[in-house]
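Chemist: Chain A is fixed; fit chain B onto it per the hints.
Going line by line, the protein sequences match chains A and B. Residue 197 in our numbering sits at position 197 of the first sequence, and the numbers go up by one each step. Every number in our numbering is 238 more than the matching position in the second sequence, counting from 1.
A few of these clues could be false.
[To be verified] Derived contacts from chain B toward chain A, CB cut-off under 7 Å, selection only:
1) Ala242
2) Glu243
3) Tyr245
4) Val246
5) Ala248
6) Ala249
7) Ala252
8) Ile256
9) Ile263
10) Leu271
11) Arg273
12) Glu274
13) Leu278
14) Arg281
Hints listed in this document are in silico derivations from the structure and should not be mistaken for laboratory results. We put the beta carbon where it would ideally sit given N, CA and C, even for glycine.
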Amino acid sequence: MSAGRAQLTPVARRYRISLPALAAASLVLVTLALALVFFVAPNDADQGFSQRIFYFHVSIAITAYFCFGLGAWKALVHLWKRDPRADLESYVAVHQGVIFGSLVLITGSIWAKISWGHWWLWSEDQLVLFLVLFLFYAAYFMLRFSVDPGPQRANMSAVYALFGVVLIPVSFMAIRLAKQAIHPVVFTLQGPKFGGWILVTYCVAQVAMLVLAYTLYRVELAGKRVDARVRELKEVLA
Amino acid sequence: MTTAETYVTAAYCAVFAIVLVYVLIIALKVQRLEREVDELAGRAAAREAEPEERREAAVVG
Numbered sequence: 001m002s003a004g005r006a007q008l009t010p011v012a013r014r015y016r017i018s019l020p021a022l023a024a025a026s027l028v029l030v031t032l033a034l035a036l037v038f039f040v041a042p043n044d045a046d047q048g049f050s051q052r053i054f055y056f057h058v059s060i061a062i063t064a065y066f067c068f069g070l071g072a073w074k075a076l077v078h079l080w081k082r083d084p085r086a087d088l089e090s091y092v093a094v095h096q097g098v099i100f101g102s103l104v105l106i107t108g109s110i111w112a113k114i115s116w117g118h119w120w121l122w123s124e125d126q127l128v129l130f131l132v133l134f135l136f137y138a139a140y141f142m143l144r145f146s147v148d149p150g151p152q153r154a155n156m157s158a159v160y161a162l163f164g165v166v167l168i169p170v171s172f173m174a175i176r177l178a179k180q181a182i183h184p185v186v187f188t189l190q191g192p193k194f195g196g197w198i199l200v201t202y203c204v205a206q207v208a209m210l211v212l213a214y215t216l217y218r219v220e221l222a223g224k225r226v227d228a229r230v231r232e233l234k235e236v237l238a
Numbered sequence: 239m240t241t242a243e244t245y246v247t248a249a250y251c252a253v254f255a256i257v258l259v260y261v262l263i264i265a266l267k268v269q270r271l272e273r274e275v276d277e278l279a280g281r282a283a284a285r286e287a288e289p290e291e292r293r294e295a296a297v298v299g
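One chain only, chain A, in its complex shape (with noise of 0.2 Å):
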């Protein structure tokens, strides 16, 4: 029986906040971020009213790439330390990142459509770019699962999460490096273009998608570690 044991998945991390404490805080805020957006903050004077869209598409798109971001610094933790909760970890938050992805690609679309007449514009490197980050981790899982469990597949996933965050910044970039671009520019060196219960709103909505990722992130954790121990055990009863 010690031997299996010896196998079983390493014990979860113990978290300062619990899953139920992050997931009420998830819906508290983000219910708050949706009265904001539809009860509180201005029509904006150039877009109107379907400027409430970039409340959620523009902290979606930061969420995502802090999932991938924090898959990619998982990754780098398992190849470094050879942490056996690391692999794990990273590709939950990966998934959690294709996940704010698609968000992120749905509610674009649908703005450039209102905004600017299509569903999409391939001559815009921001879109493709982004594009190409949510298809690269898209990706990874074909990798992931065209591998036996094990060592190996933990190591090849590792470096190609690492691999991925490279693209992060020239994506999130590439807006400001070109030199014509039809999408709009928020943020730039000087700060924020915008104040008021504007800027008070997108805050809370960026801190909603956060804090929503994360609650996603430990539930997806809780349940693949589950899943683990009992195909262990199963194998330790058999």
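Modeler: Just chain B, lined up with the frame of chain A:
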């Protein structure tokens, strides 16, 4: 409802729907895990019961 309002509603509904689908997938997974844990508990109980049966058999014999 204006066109702008329709598009904004569609965008926020898409976000809501994807998060809900994600929660549904997690709920299905938890349901499967529950079944598997029940199965494991059954196996463990059967294993615990085994030595007792043997002990009883030895006393009778």
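Chemist: Are the hints correct? Go through all of them and say.
Modeler: Hint-by-hint comparison with the structure:
no. : hint   : verdict
1   : Ala242 : holds, 4 Å
2   : Glu243 : holds, 6 Å
3   : Tyr245 : holds, 4 Å
4   : Val246 : holds, 5 Å
5   : Ala248 : holds, 6 Å
6   : Ala249 : holds, 4 Å
7   : Ala252 : holds, 5 Å
8   : Ile256 : holds, 6 Å
9   : Ile263 : violated, 9 Å
10  : Leu271 : holds, 6 Å
11  : Arg273 : violated, 10 Å
12  : Glu274 : holds, 5 Å
13  : Leu278 : holds, 5 Å
14  : Arg281 : holds, 5 Å
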